[in-house]
Each structure stands twice: as C-alpha cells, then as structure tokens.
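Chemist: For the record, the sequence lines run as chains A and B. So the first sequence is numbered by the working numbering: it starts at 1 and just counts up by one. So the second sequence is numbered by the working numbering: it starts at 1 and just counts up by one.
Rather than coming from a laboratory, the hints here were simulated on the basis of the structure. Treat the hints with care, since some could be wrong.
Which copy? The list can't say, so a pair holds if one copy fits it or any two copies do.
[Said to hold, decoys possible] The list that follows gives simulated cross-link-like pairs (lysine-lysine, BS3-like), each with its CA atoms no further than 27 Å apart:
(1) K251 x K209
(2) K109 x K251
(3) K209 x K238
(4) K109 x K12
(5) K221 x K66
(6) K251 x K84
(7) K221 x K251
(8) K50 x K66
(9) K12 x K221
Keep in mind the model is a prediction, meaning the values are calculated, not measured.
2 protein chains.
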Amino acid sequence: MSSILTIAQNAKAAALELSTLSGSVRQAAIAAMPESLLAVKDELMRANQKDVENAREAGLDEPLVKRLEISGSVFDYMLSRLAKVAALPDPVGRVLEGHTRPDGLEVRKVSVPLGVIGIIYESRPNVTTDAASVCLKGGNAVVLRGGSESLRTNIVLADAMIRACVESGLPEHAVQIVRIAGHEAVSDLLRMDDYIDVLVPRGGKGLIKRIAEGTRIPVIKHYEGICHLYLAEDAPEKMAIDLVINSKLQKVEVCNALESLLVDAGSAERLLPPIAQAVSGRIELRGCESVRKFLPDIPPATDEDWMTEYLAPILSVKVVDGPQEAIRHINTYGSGHTDGIVTQDLQRAREFVRGVNSSSVLVNASTRLSGGGDYGMGAVVGISTDKLHARGPVGPNELTSYKWVVYGQGHLRR
Amino acid sequence: MSSILTIAQNAKAAALELSTLSGSVRQAAIAAMPESLLAVKDELMRANQKDVENAREAGLDEPLVKRLEISGSVFDYMLSRLAKVAALPDPVGRVLEGHTRPDGLEVRKVSVPLGVIGIIYESRPNVTTDAASVCLKGGNAVVLRGGSESLRTNIVLADAMIRACVESGLPEHAVQIVRIAGHEAVSDLLRMDDYIDVLVPRGGKGLIKRIAEGTRIPVIKHYEGICHLYLAEDAPEKMAIDLVINSKLQKVEVCNALESLLVDAGSAERLLPPIAQAVSGRIELRGCESVRKFLPDIPPATDEDWMTEYLAPILSVKVVDGPQEAIRHINTYGSGHTDGIVTQDLQRAREFVRGVNSSSVLVNASTRLSGGGDYGMGAVVGISTDKLHARGPVGPNELTSYKWVVYGQGHLRR
C-alpha cells in the first residue's frame with residue numbers, strides 16, 4: 001500500500017500546484033514530449049521488443065500480443081497525437097456561462113481542472129501517451145497503471161514524458177506511473193479516494209465492472225458498443241450499402257463498429273438482397289425470421305444476438321416496422337453508444353434523433369465517425385457510456401470541472 | 001421491495017416518454033402546479049398540522065419541528081418558486097457545442113434529460129415542490145422520498161403536483177412519491193441502479209455518507225459548508241465588517257453561512273478590534289493565538305474549530321500571513337463550498353480566485369450570495385460539493401446530460 005499511497009499523495013500535491021500554473025506551461029510540456037520520446041526511441045523499442053517476447057512466451061493470444069507492439073507507424077502516430085493535443089486550445093479557464101446582475105454582481109462559471117485522474121488500462125501502449133497528455137491538457141495530475149505485460153514499455157514512455165514535464169516547469173509528480181506489476185497495486189489504487197478524483201478504466205467489460213464496483217472513487221465507465229444502423233423505408237440503396245460496409249468493416253474490433261442492422265419492413269425486399277450480395281464473403285449475416293424470408297440461406301439470429309458486441313465480421317439483421325420499433329429496439333437492446341439512421345426524410349431523421357437514447361446519434365453517417373477525432377478533441381481517454389459528467393468521447397474538456405467566480409463591491413444578501 | 005421496484009420501473013418508462021415530449025408540455029405542467037396546490041390548501045394545512053403535532057409528541061427537537069411546518073409565507077414561497085421554475089428557459093435541447101467539418105459533416109452536442117432522479121431528503125416540505133419541479137424542468141422523471149415525519153404533508157403536495165402533470169399531458173409516473181415510512185424503502189431505492197440514473201440526498205452529512213456508500217447509483221453529494229472570508233491587507237474596514245456580519249448572520253443555519261474568518265497579518269491590528277466591537281453580543285468569536293493578542297477576551301480556537309461547520313452564531317478567527325497562507329488554509333480545512341476575499345487589489349483578487357479550490361469563490365461579496373437563486377437558476381435540488389458533473393448549486397441545467405447528434409449525407413470513415 002505504502003508506495004501507492006505515496007504516489008496518490010504526490011499526485012494530489014502536484015494537482016494543487018498544476019491548478020495555479022498557466023496553460024502555456026502545460027502546453028509547452030506536452031509539446032516537448034515528442035522530442036523527449038524520440039530521444040529514447042531505441043531504448044523504447046528494445047523494452048517493447050522484450051515485452052512482446054515475454055507476452056508471446058507466456059502464451060498470450062496473438063491479437064493481444066499485437067496490441068502490445070509499437071511498430072514504427074504506431075510510434076509516429078503517438079507523437080503526432082501528442083503534438084495535436086498540445087496545439088488544442090486550453091480547456092481550463094473557459095467561461096462556460098455567466099451574467100451580471102442588475103446590481104453589478106458579476107457571476108461567471110469557469111472551467112477548472114478536475115484534480116487527480118487515475119487511468120487503469122490494459123495493454124495498448126498508446127494509451128500511456130494519449131491519456132497522460134489529455135489529462136495534463138485539462139490541468140490534471142495523472143496516475144497511470146497499464147497492463148503488466150507492457151510495464152517495460154510504459155516505464156520508458158512515462159519517464160520520457162516526465163522528463164519533458166519537469167524540464168518545462170511542471171511539478172515532478174504531474175505524471176506518474178505505477179512501476180509494480182500485479183493486481184495488488186490496482187486494489188490499492190481503488191482505495192485512494194482521499195486523493196484521486198476520478199478513475200478511468202480502459203479495457204474489457206469485466207475490468208470496468210470490477211473497478212466500478214470496487215471503489216468509492218467516481219468512475220467514468222466505458223462499456224461495450226452495440227451499435228445499430230436503421231435503414232428507413234426510403235433509405236437510398238447505394239448509401240445504405242456503403243454505410244453498412246464502412247460501419248462494419250472499416251475496423252471490426254472497435255466499440256463504434258456496427259453490430260446490428262435494422263431494416264424497415266417497407267425497404268426489406270428492396271434492400272436486403274443487394275446488401276447481402278455486397279457483403280457476401282466478408283460479413284456473416286444472422287437474421288430474424290422476416291429477414292430470412294428474403295435471405296433464406298443465412299442462419300437465424302437469436303435474442304442473444306441482439307445483445308452481442310461481436311467485434312468480428314458478424315452482423316445481426318432484423319426487420320422492424322417503422323421508426324418507432326427501430327427506436328424501441330435500440331433503446332432496449334443497444335448499449336447507448338452509437339446508433340444511426342439512413343433516410344432522406346427530415347421528419348424521420350428528427351424523430352430518430354430525439355427518440356434514440358444513445359451518446360451518439362448519427363444521420364446518414366458511418367458509426368465509425370463517432371469519436372474524439374471526428375468530434376474535434378485531438379485525443380481521448382475513452383468513450384463514456386455513462387450519463388453523468390461525460391457522455392461519449394472523453395477529451396480534455398471533459399476532464400475539467402468548474403467553479404463559480406463572483407466579483408462584487410461589498411454586495412450583501414438582503 | 002416490490003413496491004419500490006414498481007415505482008422505479010414506472011419512473012424509467014415515464015422518463016423515456018418524457019424525453020420525447022416537447023418543453024412546452026413540461027413547462028405547462030409546472031406552471032399548473034401552483035393552482036393545483038391552491039385547490040388543496042386546506043387539506044394540505046390539516047395534513048401538515050397533523051405531521052407537526054405528531055413530531056412534537058414524538059419529542060422531535062423544536063428546530064426540526066419548525067422545519068416541518070408550512071406557514072402561510074412558506075406556502076406562498078413554494079408557489080412562487082414553482083412559477084419561477086416554469087418560466088425558466090428549457091434546459092433540454094440546448095446546443096452546448098458544435099462544428100461543421102470541411103466535408104460537411106455536422107457535429108452538435110445537445111443537452112438531453114438525465115433520466116430518473118431519486119431525491120432522498122429530510123423534513124423540509126418545500127424540497128418536495130422544489131425538487132419535483134427542477135427535475136421535471138430538466139425532462140427527468142423523479143422519485144421523491146421525504147422524511148417519515150412529513151409523509152402526510154408530502155403526499156398531499158405530491159398528489160397535487162401529479163394531478164397538474166397528468167392534466168397537462170405528462171406521463172402519470174413522471175412524479176412519484178414513496179408512500180411508505182421507514183428506512184427499508186430507502187434501502188430498496190438504493191438497489192434500483194437498473195432504473196435510477198442519479199440520487200440526490202439532502203440532509204445531514206451522515207445521511208449523505210450512508211447513501212453514497214450504500215449504492216451503485218451515482219450520487220450528487222452535498223456535504224457541509226465550512227465557508228471562509230479572507231480579509232486582505234488592504235480590506236476596507238466598513239466593507240469587511242458588513243460582509244462578515246451579512247455572511248455570518250443573515251441566516252446562520254445554512255451551508256453558505258460564514259464559519260471561519262481569516263485576517264491578514266497586515267490588517268489584523270486595524271480590523272480585528274472594530275470587527276469584534278461590531279459583532280459583540282451577536283457572534284461568539286474564537287481566535288488563534290495571534291488573534292487573541294488583539295482580542296484577549298475571546299476563547300482560543302483549536303484545530304477542531306477550523307474543521308467545524310457551526311451553523312450557529314459562532315465564528316473562528318485566524319491571522320494568516322498573506323494570500324498564499326489564506327489559500328493554503330482554505331484548501332486544507334475548508335469543504336470546497338464557498339470562500340471569499342475582501343480586497344481592492346486586482347492581483348490579490350486574481351491570485352485568490354485562482355488558488356482557492358472551491359465551488360464558489362467570491363470577491364467582495366457575502367458568502368450568502370453563492371447559490372441557485374443568485375446564480376439565476378430559479379430553484380435547485382442541492383449544492384454539490386463534488387467535482388464531477390455538477391459543482392455548486394444544482395439547478396435544471398445541471399440535471400441534464402447530453403448527446404452528440406451528427407448529420408451527414410453518406411459520410412464514411414476513411
């Protein structure tokens with residue numbers, strides 16, 4: 001416990017100091033990180049190679065091993081994201097609302113850092129640089145705890161970032177990484193509710209559930225994405241096919257990939273055969289009974305399918321009777337992540353946008369377009385499926401709180 | 001459990017329906033509440049009289065009995081607040097941010113209701129009308145659970161509001177009240193994490209702690225207010241005296257009343273004697289050693305005093321060595337609620353505003369001016385001392401979430 005306690009206490013002290021530093025200091029620190037990482041590139045690649053070898057020897061599944069690996073292009077991507085985050089406008093000190101009372105009392109709601117953010121994540125090393133920079137951009141101190149398999153890699157990454165911070169004038173403990181492997185460190189972190197303001201777990205549903213249920217620290221949760229596209233009665237054929245393919249196949253293992261296709265009863269006969277033909281050999285379709293009238297060769301979809309995030313080239317397909325049934329199905333079986341409609345009819349689009357209770361609702365756009373990048377955030381620490389505080393992509397702005405600042409000249413309450 | 005489960009399920013269904021109704025329907029329902037309450041005024045007063053008598057017989061402390069009572073002026077105040085909330089602009093559907101990408105993809109962040117809000121409160125009956133109207137204004141369904149001592153009163157209030165809702169076209173279960181006394185109903189409510197999106201407990205620290213630690217539902221917490229005023233070296237004498245008296249005495253038992261006065265070492269000799277004289281007989285002062293050099297007759301303040309929310313005409317007083325020590329003291333001993341500075345020096349004011357880590361930071365204004373009323377919210381369900389989601393007064397805007405709405409024309413991810 002004691003080492004985690006020290007980390008947490010140091011983070012809190014750093015957060016207090018950070019909250020009084022100007023944005024230009026934070027910006028300079030993040031902007032200095034790419035160079036600092038370039039200076040240790042060889043060391044980083046050796047550490048990463050070692051992590052990858054150990055993971056393979058330990059029998060980790062190959063897709064998980066792949067996630068660990070920092071290829072040259074991943075490295076470049078990490079650097080470019082740091083530069084992007086550095087260049088974003090300062091999320092601290094924004095005037096969110098405000099007014100001046102007739103008696104001259106000035107009331108302003110101004111964004112301030114949240115404080116200390118703990119990031120608990122699995123193996124992707126790019127989370128280390130993304131999360132540290134996004135937290136810091138919001139004026140927060142960050143405690144990183146990555147997967148044990150990538151500990152060597154993460155330590156090199158963190159040390160380079162810490163060097164950039166200290167040389168730019170940030171407190172030494174603005175960025176910290178837990179340097180011990182094993183689950184005990186996580187259990188200890190979960191008890192640091194006196195020091196850590198919010199935890200962001202990134203990983204599988206099990207990890208997130210375990211963390212959310214095991215701590216009194218507020219948790220920004222990022223559960224699964226069971227994303228839908230609803231093809232309305234008037235959905236244009238080509239657009240429908242393009243959107244299905246892009247939403248499903250542009251990247252299959254991510255949370256905003258399409259998992260369930262809803263086809264209006266009025267367009268099923270027109271759209272299902274050409275869609276099936278277009279995706280043939282690339283996507284396995286599973287259909288409800290009505291779908292199978294038009295596509296008798298595909299296997300039936302069960303209730304289980306409507307609740308499954310495949311993260312694989314499988315797509316469940318259901319015929320629905322109008323927008324209201326589509327909305328009901330999405331609100332019942334979806335995960336509130338990202339859902340879209342394909343239509344040219346304005347009233348249908350508005351009805352769908354209003355009725356679907358999800359963090360992103362798209363009209364005529366690929367589900368893959370929901371996310372921090374396309375929403376202009378530079379980088380994110382995750383995509384919240386919560387409704388409190390942050391919903392959808394969690395970027396620098398979402399990692400701020402606010403305070404009310406009031407200026408008067410001896411104003412009293414009567 | 002079953003009755004609470006039914007209430008929670010009905011609330012969730014009502015919330016879904018509410019989220020598709022227009023703001024004018026919600027506004028009409030709230031605007032109809034005063035008339036609906038006026039129609040049952042006699043019944044209400046009889047029920048309230050009965051609650052008050054029972055509480056007195058049960059030996060409840062007289063100040064607590066007083067809180068239960070709906071006098072004529074309290075009743076008028078409740079009605080005027082309902083009218084005020086009805087007249088506020090709709091907090092749902094605000095475009096919080098947005099941009100259009102060069103390729104024409106329109107991205108908007110739009111406020112939506114949170115869903116189902118549970119309010120667990122102690123005896124003040126005006127919470128019943130305030131909370132119901134504020135939650136409803138934000139498009140939410142609300143489950144009210146007031147103190148058992150005021151159950152008769154609250155049922156009459158709730159039934160009148162429900163009548164106004166139903167007659168205005170809101171779902172029957174938009175407003176619900178738990179009609180059974182006893183703690184078991186609360187324990188059951190805390191288990192409704194599948195249906196309730198957020199809980200707002202209102203009452204003593206013990207109640208709030210018990211609720212926050214006993215549920216997986218997110219809780220907007222409202223802990224104590226250990227509020228400070230810091231009189232800087234240049235604080236004008238008259239303004240300082242007026243602000244101390246108004247902050248401390250305008251109402252002593254509320255969370256934004258002054259509890260601790262910090263006097264700069266450079267102004268202690270000049271300010272302490274006239275302040276002591278001005279409050280003599282009205283406020284009991286307790287001082288640190290340096291204070292007692294100037295005011296030898298007052299009792300010493302202990303470490304305990306710096307951490308105490310008196311809610312009584314007592315004020316702890318400490319001499320501090322400049323703004324940085326004031327800031328440090330407030331960030332260490334304060335509760336992050338409301339703290340102010342008295343100064344005419346711009347740099348000192350800015351330094352204080354930046355350094356104090358509280359939800360409201362005031363310059364030359366009474367601490368009693370922090371709150372929903374003075375911040376333009378109409379009415380609030382509480383004052384959050386959390387940093388996540390809502391900080392400070394929680395009004396209709398704070399009881400909304402948001403969703404990202406994206407319009408395209410076949411936009412794909414490349």
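Chemist: Against each hint, give a clear statement of whether it holds in the structure.
Modeler: Hint-by-hint comparison with the structure:
no., hint, result
1, K251 x K209, "within (25 Å within a copy, 44 Å between copies)"
2, K109 x K251, "between (40 Å within a copy, 25 Å between copies)"
3, K209 x K238, "neither (40 Å within a copy, 57 Å between copies)"
4, K109 x K12, "within (23 Å within a copy, 32 Å between copies)"
5, K221 x K66, "within (25 Å within a copy, 43 Å between copies)"
6, K251 x K84, "within (23 Å within a copy, 51 Å between copies)"
7, K221 x K251, "within (22 Å within a copy, 41 Å between copies)"
8, K50 x K66, "within (13 Å within a copy, 71 Å between copies)"
9, K12 x K221, "both (22 Å within a copy, 21 Å between copies)"
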